[in-house]
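Protein chains: 2
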Amino acid sequence: MHFQATTLHMNLRYGIVGVGGIGGYFGGRLAERGYDVHFLFHSDYEYVKQNGLRVDSIDGDFSLPRVNAYHRAQDMPVCDVILVCLKTTQNYLLKDILPHITNSQSLVILVQNGLGIEAQLGKTFPDMNIAGGLAFIGTGKIGQGHISHTDFGRIKVGMFQGKGEDKLQQMQEDFSENKVKIEISENLQKARWEKLVWNIPYNGLCVVMNTTCDLLQKQLDMRQLSHDMMLEVVAAAEACGTPMSANIVDKMLALTDGMTPYSPSMKLDFDHKRQMEIEAIYTLPIAEAAAHGYNMSKVKMLEQQIKFIQSQY
Amino acid sequence: MHFQATTLHMNLRYGIVGVGGIGGYFGGRLAERGYDVHFLFHSDYEYVKQNGLRVDSIDGDFSLPRVNAYHRAQDMPVCDVILVCLKTTQNYLLKDILPHITNSQSLVILVQNGLGIEAQLGKTFPDMNIAGGLAFIGTGKIGQGHISHTDFGRIKVGMFQGKGEDKLQQMQEDFSENKVKIEISENLQKARWEKLVWNIPYNGLCVVMNTTCDLLQKQLDMRQLSHDMMLEVVAAAEACGTPMSANIVDKMLALTDGMTPYSPSMKLDFDHKRQMEIEAIYTLPIAEAAAHGYNMSKVKMLEQQIKFIQSQY
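Residue numbers (numbering that gives the first Met the number 0), protein chains in the order written: chain A, 0 to 312; chain B, 0 to 312.
In short, the hints are calculated from the structure, not lab data. The model shown is predicted, which means the values in this text are computed figures rather than measured ones. For each residue, glycine too, the CB sits at the ideal point set by N, CA and C. Check the hints yourself; a few may be wrong.
[To be verified] For the chain B half of the interface with chain A, some residues (derived, Cβ under 8 Å), not all of them:
1) 207
2) 208
3) 211
4) 213
5) 216
6) 221
7) 223
8) 224
9) 226
10) 247
11) 297
12) 304
13) 306
14) 307
15) 310
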């Protein structure tokens, strides 16, 4: 099955770098509709080449018996849009991967958590067109080539440097047929801080308390602590020049109440004794706030606790 | 073997309420020298009545084949000095125990952690002579009637209400023959805050991080966090009118560096899924500080984390 919408202006070639829950789901949705998608796999390459990709999704299950799977970036074609869906802990790989699959027109979108990661990439590639993306989705890899999607399913994107607005709009159209909503933000930093309002309390607390979001929500002390840490993130964002709407904390708490029992990505990393995204989600935001005169006291304590836990792996 | 020092002015009868690591060690040291000591046991009563009490101590092991062991307070004689060595979580029992073993001259010493516990007892017994005691000792019950003493071994005592200074001095003499140093403080509140400088970071962090003090000390983030929480306790004490010496934080860190690998009492409670002394060590000090206008931000976060952990037992 291969068809394309009549409103298409560009036939974008997509590259998916990192095929975990995020890359597998979003890339899979594009491939499902016949778009030209190329996946760079790490450990699942052999399996997916033989067996394809399977996605269990609250918005409809699907399987892709054959996908354009690669094990090495130098075997991939140059792509128009590259969705980087690696963990930020793997971003050191990008300096070797991206030159193979980009040209001067390509747009690289870091669909990752945290703050300050586009700036890190921009230092390595000053002329690269770079955007950021924030995935609002509950998804994870539950087996080789097997993705489970349990909550939500949208991406907020915004330009960081260079040009690429037209590609973001085209991507928005391409995904619109596919149960994935792409929202284009004029203020990437603000979008990143907003997502941190959720990510900072729940990722770290699920690791340190060795639990899931729903249990944190139900217990009054943890609910209060999540609330108070969210207020610290809001205050930090404001100190950094990106004020937020007053009700974001209540909105995030309500959002979490509505989720199925859920382990955030950092908790899954912890469960599998993988490196956690401490730098992008904690260290860089704390440093950014401190540089603007705001001390994230409780968030810093949570960072220290997670760093201790990782040191004991 | 039974002899007494020639300097004795009073022959004090001692009651030990709660025979864990603290009560077993200190009461045991008195009984070892032939003093008149009466122990109120809970779970170990039958065992100790048959087999006596055994203490493994860095200051010399000893066994007491026969001790004055009781299972019910109403079977005990009235005592001159009562060392309450229960966990503070058991203090609700005192209203039923103490009337049986005290008269108007008796002195009750709460050898317990935390802050504000003498005031709680004083509310129940406004006319009781009440002192507080702080044990500086590494000790624990490692089996029925079996105490292990691994570090230090002194008590700092101070009057809270009523009279009893003469009894404190006599107790100091009685213990002085016995490798136990009793230090009499003129300022019980200050002594309690000083001990909290140690107890607040290490008890809670050992529970939340599920580790021992030595591992916290060795990891830079936890060492920094312990340091920062100590500063919060010092600031709280100062807000409450009990300023401390400037070097107490460095002293406590050095003291902990010198300890053998050690689990604080709250960690032992956690390991055995017993109720933890959250109220005395965290809730009451946080409330006292808040009443004096100081917000213990990190300490409050640690309290919330411990409360969550206990709620998941």
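Results for each hint:
At its closest, the beta carbon of residue 207 of chain B sits 6 Å from a beta carbon of chain A; the interface hint therefore holds under the 8 Å criterion. Because the closest C-beta pair between residue 208 of chain B and chain A is about 6 Å apart, less than 8 Å, the hint holds. Taking 8 Å as the C-beta cut-off, the interface hint given for residue 211 of chain B is violated, the closest approach to chain A being about 11 Å. At its closest, the beta carbon of residue 213 of chain B sits 13 Å from a beta carbon of chain A; the interface hint therefore is violated under the 8 Å criterion.
With 8 Å as the threshold, the beta carbon of residue 216 of chain B stays out of range of chain A, its nearest partner Cβ sitting at about 11 Å, so the hint is violated. Of the supplied interface hints, the one on residue 221 of chain B holds, with its beta-carbon coming within about 5 Å of a beta-carbon of chain A, less than 8 Å. With 8 Å as the threshold, the beta carbon of residue 223 of chain B comes within range of chain A, its nearest partner Cβ sitting at about 7 Å, so the hint holds. A cut of 8 Å between beta carbons decides the hint on residue 224 of chain B: the least distance to chain A is about 5 Å, and the hint holds.
Checking residue 226 of chain B against chain A by beta carbon gives a least distance of about 11 Å; that is not within 8 Å, so the hint is violated. About 21 Å separates the beta-carbon of residue 247 of chain B from the nearest beta-carbon of chain A, more than 8 Å, and the hint is not met. At a threshold of 8 Å, the smallest CB-CB gap from residue 297 of chain B to chain A is about 5 Å, leaving the interface hint in force. With 8 Å as the threshold, the beta carbon of residue 304 of chain B comes within range of chain A, its nearest partner Cβ sitting at about 7 Å, so the hint holds.
With a cut of 8 Å, the hint placing residue 306 of chain B at the interface with chain A holds, because the nearest CB-to-CB distance is about 4 Å. Interface hint status for residue 307 of chain B: upheld, as the beta-carbon distance to the closest one in chain A is roughly 5 Å, under 8 Å. For residue 310 of chain B, the interface hint holds, the least distance from its beta-carbon to any beta-carbon of chain A being 5 Å, beneath 8 Å.
This entry does not satisfy hints 3, 4, 5, 9, 10, going by the numbered hints stated previously.
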